[in-house]
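Chemist: These are the residues of each chain, in order.
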Amino acid sequence: MSERATIRPVEVSTPQAKPAAPAAPSTTTTTQAPTIAVEELRAFYGRAEQLKGIDVELPANQVTAIIGPSGCGKSTLVRCINRMHEEVPGAHAEGRVLLDGRNLYDPAVDVTAVRRVIGMVFQKPNPFPTMSIFDNVAAGRRLTAGRRAGMREKVERALRGAGLWEEVHERLSEPGMGLSGGQQQRLCIARSLAVEPDAILMDEPCSALDPIATLKIEELIAELKRTVTIVIVTHNMQQAARVADRTVFMLDGRLVEVGPTKQIFTNPHDPRTEEYVTGKFG
Amino acid sequence: MSEDRLARLALSGRRKFKDRAVRGAMLGATVVALVPLVLILYYLVHKGLSAWSASFFTTDPTGQSFFANKGVGGIRSALLGTIVMVALASAIAVPVGIGVALWLVEYGKDSWLAKVVRFFVDVLTGVPSILFGLFIYIVLIVGTGTSFAGYKGSLALALLMLPIVTRSAEVVLLLVPDALRESALALGAPRWRMVARVVLPTARAGLVTGSLLAVARAAGETAPLLFTAAFTYKTSFNLGGFMNSLPVQIFNDVTSPTEALVNRAWGAALALVVLVLLLNLSARLISRTGRVA
Ligand SMILES: Nc1ncnc2c1ncn2[C@@H]1O[C@H](COP(=O)(O)OP(=O)(O)O)[C@@H](O)[C@H]1O
Ligand SMILES: [Mg+2]
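Those protein sequence lines, which keep their order, are chains A and B.
For the first sequence, numbering that gives the first Met the number 0 gives the first residue as 0, with consecutive numbering after it.
For the second sequence, numbering that gives the first Met the number 0 gives the first residue as 0, with consecutive numbering after it.
Please keep in mind that the hints were generated in silico from the structure rather than gathered at the bench.
Accuracy of the hints is not assured; some may be wrong.
Claimed, not checked - With a straight-line cut-off of 35 Å between C-alpha atoms, the simulated DSBU-like cross-links for lysine-lysine are: (1) Lys123/A to Lys51/A; (2) Lys123/A to Lys279/A; (3) Lys108/B to Lys123/A; (4) Lys123/A to Lys261/A; (5) Lys51/A to Lys108/B; (6) Lys261/A to Lys51/A; (7) Lys51/A to Lys279/A; (8) Lys51/A to Lys114/B; (9) Lys215/A to Lys123/A; (10) Lys114/B to Lys123/A; (11) Lys215/A to Lys261/A; (12) Lys114/B to Lys233/B.
Stated by the list, open to error - Covered stretches of chain A, as calculated for chain B (at least 3 residues, CB under 8 Å): (13) 40-51; (14) 162-174; (15) 248-254.
Said to hold, decoys possible - Derived DEER-like restraints, expressed as beta-carbon distance ranges: (16) Ala144/A to Leu33/B: 55 to 61 Å; (17) Lys108/B to Ile211/A: 36 to 42 Å; (18) Asp54/A to Lys108/B: 31 to 37 Å.
Note that beta-carbon positions come from the ideal geometry of N, C-alpha and C, so glycine has one too.
Starting from the given sequences, assemble the full structure and let the hints guide the process.
Modeler: Dropping the structure here:
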């Protein structure tokens, strides 16, 4: 606990504080991850409002999928959650994102701490091209001045957590770019895990991958939710149905419906959701 | 039917002829452009090599034999002076230039201040090199009432190099994919650490290449040194005093009436070209190891 970037004040930290060394996902232990609550979130690119007031809760240790047609604001929403949205020149967000009750948009909150607590995996696998497999995983800690001691163990645990250890442990010093696309994406997941985040946001993490690599990542997601809260954007409804506990349907910068995945796909309350999940548009 | 179409779409005889004529004209123009280049290289190697000897590189120019055709000495002080002054100029211009480029790409972006800086960098790129010498002359020699000095030559060269380094570094830094920056920031890296650990290593080869090209450019410049570092015969490592340099020695020698001195100029010119060529070659080799184009 001491070495993780904590942005939760003591009084709201969860009673079951995470151990400093989270268990490897292969064991069945579950560690308590935080709940993320998005409240009245509005996001702008310049003056164009692209999120028009989003309220949604992303429960602890669950996978929440975000679906919706292209351009409806899925990426914008996840990028607001770890405050990456504000890196776009001219972009800003209004509203609140609460991590176990603590507002991440509070001016007192350090934005780099937010990103260490909420990791992110992007659409295209993007290992750092100058770095070896080992250094890619270690990069997260080095970039954030995390403690250097025990780096080897940390890297191994992160690679195991991303289901990549068996495939790469004999060539850790080779370039990360030499891996296949699916392996590169799991390397990126390992890179996020090495910072020991409480939540991970994935923006269409499988859209550049083949079906087998996709399946591996989906299995991985099911493992990871034991230790972290997961939000996954996907344009693939089968994928949402396979991995997500809850599903959010968005349209045109607004949230249309949120509920258990099964209900969203079999018994949606909103006609627009029904049209979308039955493939009538999108 | 497809045969018909093929026949209809075939180039007519007239157009084929035009095509050949244009191609011929372009080939001719290329040859015309190459002729002076080949001639220059031929004279340079021919005349330069005959001036070269082992002692040519290890002796200073003597300066005595204005009308004698023997014992004019070599280019040691010029070669070493060029290396020392260009090294100091690079030590100033490369870090500052890359620093300015980093600021432009990572922080300034499209702000008005960045636009102003870019504008001035562009203006500096187009300034004739003699003006850099003149500027240093007026500020550091006339202005302070002091004499010529190697470091003043270095400063003039650094001014010349600065916009070249900045421009090329900016282009290379822009080639680093934003996805890498985003990944680093999303890991919780502070901006400067993202720049130091991800952007700079990714752009390394391109930055070195751009800097080496600027070094090569500076090594061949006469005008910034003429009235800042001036000219001397003796080898000197004292940047506070007069310093010799290859371009200035060539400038002096080639205008002299003495054949031996003109020959010395050819030898020095060949040495300078070889030096610049080596710099360019290493720039090319290093750029091949790059992660971004
Ligand atoms: N960098 C940007 N600058 C301006 N507008 C943007 C930018 N990124 C996204 N948008 C706009 O914001 C809206 C939502 O985009 P996005 O969140 O990427 O949608 P999704 O991920 O659901 O496809 C779109 O209309 C898009 O055009
Ligand atoms: Mg998107």
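Chemist: It remains to establish, for every hint, whether it holds in the given structure.
Modeler: For each hint, the structure was consulted:
Distance restraint check for Lys123/A and Lys51/A: the Cα-Cα separation of roughly 27 Å lies within the 35 Å cut-off, and the hinted pair is therefore satisfied. Our distance criterion of 35 Å between C-alpha atoms is met by Lys123/A and Lys279/A, whose separation comes to about 28 Å. Our distance criterion of 35 Å between C-alpha atoms is met by Lys108/B and Lys123/A, whose separation comes to about 24 Å. For the hint linking Lys123/A to Lys261/A, the alpha-carbon distance of about 28 Å falls within 35 Å, and the restraint holds.
Distance check on the hinted pair: Lys51/A and Lys108/B sit about 28 Å apart at the alpha-carbon level, within 35 Å; holds. Taken as a hint, the Lys261/A and Lys51/A pair is honoured in the structure, with Cα atoms around 26 Å apart against an allowance of 35 Å. Between the alpha carbons of Lys51/A and Lys279/A the distance comes to roughly 24 Å, so the proposed pair stays at or under 35 Å and holds. Of the supplied pair hints, the one linking Lys51/A and Lys114/B holds, its CA atoms being roughly 33 Å apart against a limit of 35 Å.
Straight-line distance between C-alpha atoms of Lys215/A and Lys123/A comes to about 16 Å, which keeps the hinted pair within the 35 Å bound. About 32 Å separates the Cα atoms of Lys114/B and Lys123/A, which keeps this hinted pair within 35 Å; it holds. Annotation: proposed proximity of Lys215/A to Lys261/A holds, straight-line Cα distance about 22 Å (limit 35 Å). Taken as a hint, the Lys114/B and Lys233/B pair is broken in the structure, with Cα atoms around 46 Å apart against an allowance of 35 Å.
Beta-carbon proximity to chain B at under 8 Å applies to 0 residues in the region 40-51 of chain A; the threshold of 3 is not reached and the given coverage is violated. Beta-carbon proximity to chain B at under 8 Å applies to 0 residues in the region 162-174 of chain A; the threshold of 3 is not reached and the given coverage is violated. Restraint check on the region 248-254 of chain A versus chain B: 0 residues with Cβ-Cβ distances below 8 Å, three needed, restraint violated. For Ala144/A and Leu33/B, the hinted distance range of 55 to 61 Å is satisfied, since their beta carbons lie about 57 Å from each other.
Distance hint for Lys108/B and Ile211/A: a CB-CB separation of about 41 Å, consistent with the stated range 36 to 42 Å. For the pair Asp54/A and Lys108/B, the supplied restraint of 31 to 37 Å holds, since their beta-carbon distance comes to about 33 Å.
Hints 12, 13, 14 and 15 from the earlier list are contradicted by this structure; the remaining hints agree with it.
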